[in-house]
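Asks: Here is how the chains run, residue by residue.
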Amino acid sequence: MILKTLTLAGLGLALTTGLALAQDADSPGPAYYAALEGKTVGFVPISMGFDLTQGWLAGMQRQADELGYKIVVRDPNWSVESGIQAIQSLIEEAPDLLVIQNNDNRSYNRLVQQALAAGIPTIQVQQRVATPSDAYVGPDWYDIGRRTAGALVSACGAGTSGKIAVVEGATASPASMLMLAGINDLVAKSAGITIVSSQAADWDASKAFAITSTVLLQNPDLCGIAGFWDVADTGTAGAIREAGLEGKVVLATSGGGNREAGCDRVASGEFSVYHSYNVAGQARDLNAAIKMLLQADIEAGSAPFALISPLLQITQANMTPSSCWTLDELAKMGG
Amino acid sequence: MSAGRGRVAQEQIILGIAVVVFVLFSVVVPDFLSGSNVISMVQNVSVLGILGIGMAITILGRGIDLSMVASMSVAVAWMLVQLNAGAPLSQALPLAILFSVAVGMINGILVAYVEIPAIFATLAMGVAVYGFGKFYLVETDVNYLPEAWQWLADIATARPLGIPVSVIAFGVCALLAHLGLRYLRDGRFIYAMGDNPVAARTTGVPVRVLIVLQYVVSALIALLAGLLMAMLVASMNTRIVSSTLVYDVILVVVLGGISLSGGRGGIGSVVVGTLLIGIMLNGMTMLNLTYTAQNVIKALILLLALILDTLINPRDEQTAQQGDI
Amino acid sequence: MASDFLTRWRYRLVPDKIVGEILSKNWIDSAIPFLFLFAAVAVFGTLIDNMFTAGSVSGLSRTIGEYLLIGLGLTIVIMAGGIDLSIGSVFALANLMMLALGGVMGWPVGLAALAVLATGGLIGLVNGVLVGFLRLRAFLTTLVMLIIVRAVVDTLLLAYTSQISSTEIITPVWDFLAFETVLGMSASFWAAIVLAVLAHIFLTRLRPGWHILAVGGSRRAAHNAGINVCRTICLTYVASSMLAAAAGIFYAARLASLGNDTGLGLEITILTAVVLGGTSLGGGRGSMFKTVLGVIIVVIITNSLIRLGLRSGASSLVLGTILLIAVAIDVRWVKNRAKLLARSYVSPTYFALPPLQLVSRDPASPYAINDLLSVAEPIGVGQVDGPEDVILDADCNLYCGSRDGDIIRFFAPDHRQSEVYVHIGGQTLGLAFDRDGSLLVCVGGMGLYKVTTDRQVIKLSDETNRSWLSIVDDSRMRLADDLDIAPDGRVFFSEATIRYETHDLIIDALEGRGNGRIICYDPRDGSSRTVLPGLQFPNGICMVPDGASFLFAETWACRISRYYYDGPRKGRVESVIPDLPGYPDNINLASDGNFWCGIIGMRAPAFDLAQKMPGFRRRMVMQIARDEWLYPNMNTGGVVKFSLDGTIVQSLWDGIGERHPQVTSMREHKGYLYLGGIFNNRIGRYKIPGADPDWTATRAYWGAAR
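Here the protein sequences come in this chain order: A, B and C. Sequential numbering of the first sequence, starting at 1, is according to this note's numbering. Sequential numbering of the second sequence, starting at 1, is according to this note's numbering. Sequential numbering of the third sequence, starting at 1, is according to this note's numbering.
Since the hints were made in silico from the structure, they are not lab data. Here the structure is a predicted model, which means the values were calculated and not measured. Heads up, a few of these hints could be off.
Distance ranges between label pairs, derived from CB positions [claimed, not checked]: (1) C:Tyr-631 x B:Ser-261: 52 to 60 Å; (2) B:Tyr-113 x C:Tyr-631: 30 to 38 Å; (3) B:Leu-311 x C:Ser-166: 41 to 49 Å; (4) A:Val-72 x C:Leu-114: 42 to 50 Å; (5) B:Gly-86 x C:Lys-339: 27 to 35 Å; (6) C:Ala-39 x B:Val-19: 41 to 49 Å.
In silico negatives: residues of chain C with every beta carbon more than 10 Å from chain B [unchecked claim]: (7) Leu-134; (8) Arg-150; (9) Met-634.
Where a beta carbon is used, it is the ideal one built from N, C-alpha and C, also for glycine.
Assemble the whole structure, with the sequences as input and the hints as a guide.
Replies: This is the structure in structure tokens:
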């Protein structure tokens, strides 16, 4: 998996270099602006209204305003069926580029095929379907799982119970499955660490609260909890605080690096270790991919590449004011 | 008020099942009987229970309130948005209360005056209220409690006398609702109305006003549950609207023997139903069952309860109410 | 007068009555969703470019097809008085199973689809047994089933996602379902439309379909009527689940999606569509056509809202509001339709009566009032209720109808003893003896019947040809009134009005329009045809013994006319008496070659004036209670004898109004006149001074042969 993404990333790099060479060396020239101005980019997230999608859109919108192309947002509001209709209608309208955030690795598969067949270059964000499209922008979920587990393994070494609990996302979600696989693989290799509970909270804070409070009762000597998403893990943290175990249980989680969801919680000690796939950076990657694809005169889907989001580990020790982002900042100078 | 044979019977069945499940888990699961776990059992379902009390009041009056979750999440999220924008609690909370009252009143007017069946009026209101909230009041799904108001979260997670605040809130709510329904005139009228709305109206009960009142009360109880929920996890996620929470609330209510056709049952039924769900969820979590497996078992036990109730109190073709689904 | 002229033409040219008649149609229930659909198409078609292009519609047809399949099932369940919330979960399970069986297990598509449908049926059966036979509450039971099936789906997803993800079904059939279109629409759309038509036929034309509606309309009544309520209910759930599973198969073909929110909340969407269409929760009212409309509306609205690209929440807000408005309109409509209909159905028009003749005790008046009928001896007081028509057979037995739906026979010679001759089932309004002695009867609300001499009741006619432009169904008979038989055996009978039922017949008078007709029943081929339409409450019919014409009375028009059904003047209508001072009823032969005619009420100047003021009558109907309306007088009348040239020969009255204040029918028989009255409790027998004591109408008409 990692190997494959690396190859893809390499390919992307090669493509970028090739494109750069094709351009005038010093100034972008009128061709660059002409290639972008007046174009239309369709964006179909899972839903608007949460930190990741708001962040991406803010970043993308800023560049679009600057370069004079248009972003058309269709908001399916968490419904796959609505998302399908949104993408279908966009394919009908034939924008110059599609940016799609997948719910899972299957639902939009046929639509990606249709979009490519219609000659619309397509970028997939965060999760991808089996059909490779022009670009993938998103984290390596397996790696996040491994690093989350790694943080717990190092915190729960000798002298502790070595017990950790996993508060998963949605069981059927590929992102959640990959993270779980990463955690399990690493824990299997680490002596003295046992997973005492592994349950799905369906990305929901209240459910995470309920699961965690029960697990803590069962295992008062729990050493660490692996969370899957900062938003849901506000519930996990709440349960730890409610059990009076603040500071005694290590909570490692991950997310998009929004200040309220991430750094504020790290600062308050609710999250011990936080891995950010940095939505600000992702927005920049998206913008790069958009610029490249709008300029490149190639058949849609003929040269797929991936831009894997680098992970930032944030702890109280290494946190700086710039570790996280806010929506205002992104809208003003992101992407 | 009808204190029919059926109510007692079903409440007892559920109580019986709850006891059996409890004993079963005590044997199977280590530490199940520890004091802290028994408290946790109730704690995890106390928000559900509070919502159940609001729902029970509407169902007793032959209504139903499917908009509770939407109105609670939007009102609380709006309050958090205001707090985040720097507004004082003395402004944010009254506005949230006002919002809930407004939603309840519209529900009540739609049911009482426009005469839309409650199930539809509140279903559509739930969708509309969520949409209104997302469009005008709350931009993002998840809204966090600001640092400055962290003490609110501390209140919610406090444990006076070792009992969590949420459990106390559930208990107080249940007691107040019980006393209100039993001893207040309007409470008795709600039973009368649920039993036979036409007869109640003929005998001079202000049925329409009472319907509006019961939806306002349920919206306010929902707000209380929402505040508690938000304080426990220091945030409110408006996506909760699309979860199956409202179904769980209905199940808690009817499980204990409150008839969907109104007028039968009491707050005791809600408490018993909530306890059964609490025991089951807790025990199954301790057994490390997956969430989906828990759902299957929970649903099967509910089905069993329904079947048992029907076997003990069979419905008669001659007395079944038309349109009573 | 000029204003009368204008009013007359205003009411002749503008067909006001169609408003009320359209409102009285059952399909009008679908008008509201239809208008909704029209509005949605208009609004979103303008707001969104290429909303209704071929490609876009074809894309929509896939969603519509799937939703419609589920909607049909839910409609059936709701019509039977239940609800099925488990459809969304069944849909998800079917999708998953189809992909697993067809993909991972490699089953042929047909076999896999059958297995999926069977699974759906099985889940439905569980629902059905629990709700139908064990009588659990539908709402809760299917809610629990929703949770169970959803949990099963989640569990299976957890276990098999990766396996299923890696396989694809590739067969021509599957690709056809997934990608191809027929006439621009998807396979699922056509499947759903065909099923909708079949289901419509099933529900409206077949016995089991009626059972479903009967159970939904009134479970108790259906049970008491012997319908197997439990089985009927059970089967509706099986149908619903199987249809949801079928939709799941199409969905699997379309998207091959393994999303864990497949079908989540679908039950709400479908429920919205079904209710938007106008099918009522609680059962007994609804149709497939409505659900088709509802589904199309919901899909267009949701799709348009997505395309408009509004912020999160906007679509929920709009959808919720539309649902509220739709249900509110539906509720108010169902509640007030009858009221609205009752008021707007009455459609007065202009009608000018000839000048009113003076009726007084002055012997110079042809209609001079006297007290002759007050000495008529009573027959069967208290034994009959509303003998509208009376008749005597050759043996002098007296027959009359009654309001209870019987024909009663009083035995000759003194008519003291009586028996129920036959029970017909409706109020008999006209009686006549056929050549062979069998009794032909006009029954209000039923039609033309024949009672043979051995007391067998045979239906001769209860429908005639449907007129093309009539909105109300005028092929069925609402108010067959009086009849007579031509020498060749053809039966001419009047139908007083095609717009009102018997109990509302007086309201017909307020319209002043020719709503009635005369129908000819031909025994040679059993056919019935309307021969004279547009008559104002045609009532009495009496053959002129010339073998070519008959007289008929138009009650509200206060006139008697002659119609030629044969001979050189065939088809012509001639006026006999154009200006009666009262409302004529039955006409019968008199022994001296003249005709008797019953008068049921006298004209009054106020009502005559009102007939010239349709606007006034309309305001009256719309604004004041029914009991306060101005009606024609229906409680003072008598009998007149007239000659064929229209001269009034004699008039008989009960001036005191004690025994026969009004007369609907009279028969001369062996020197006596027998009197019937539709509101009377007796039959009167009046000795006619100087009449032929041997003459009977039957013998005079059919000849001495009998």
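Asks: Determine for every hint whether it applies to the structure shown.
Replies: Taking the hints in turn, this is what the structure says about them:
Evaluation of the 52 to 60 Å hint for Tyr-631 (chain C) and Ser-261 (chain B) yields a failure: the beta carbon distance comes to about 45 Å. Between Tyr-113 (chain B) and Tyr-631 (chain C) the C-beta distance comes to about 36 Å, which sits within the given range of 30 to 38 Å. Range check, Leu-311 (chain B) to Ser-166 (chain C): Cβ separation about 47 Å, and the 41 to 49 Å hint holds. Roughly 43 Å separates the CB atoms of Val-72 (chain A) and Leu-114 (chain C), a value that falls within the hinted 42 to 50 Å.
Here the CB-CB span from Gly-86 (chain B) to Lys-339 (chain C) is close to 56 Å, at odds with the stated 27 to 35 Å. Taking 41 to 49 Å as the suggested C-beta distance range, the pair Ala-39 (chain C) and Val-19 (chain B) does not conform, at roughly 57 Å. Residue-level check failed: Leu-134 (chain C) sits 5 Å from the nearest beta carbon of chain B, not beyond 10 Å. Separation of Arg-150 (chain C) from chain B is inadequate, the least Cβ-Cβ distance of about 7 Å not exceeding the 10 Å criterion.
The beta carbon of Met-634 (chain C) is kept farther than 10 Å from every beta carbon of chain B, the shortest such distance being approximately 37 Å.
Going down the numbered hints, you'll see the structure goes against 1, 5, 6, 7 and 8, while the others check out.
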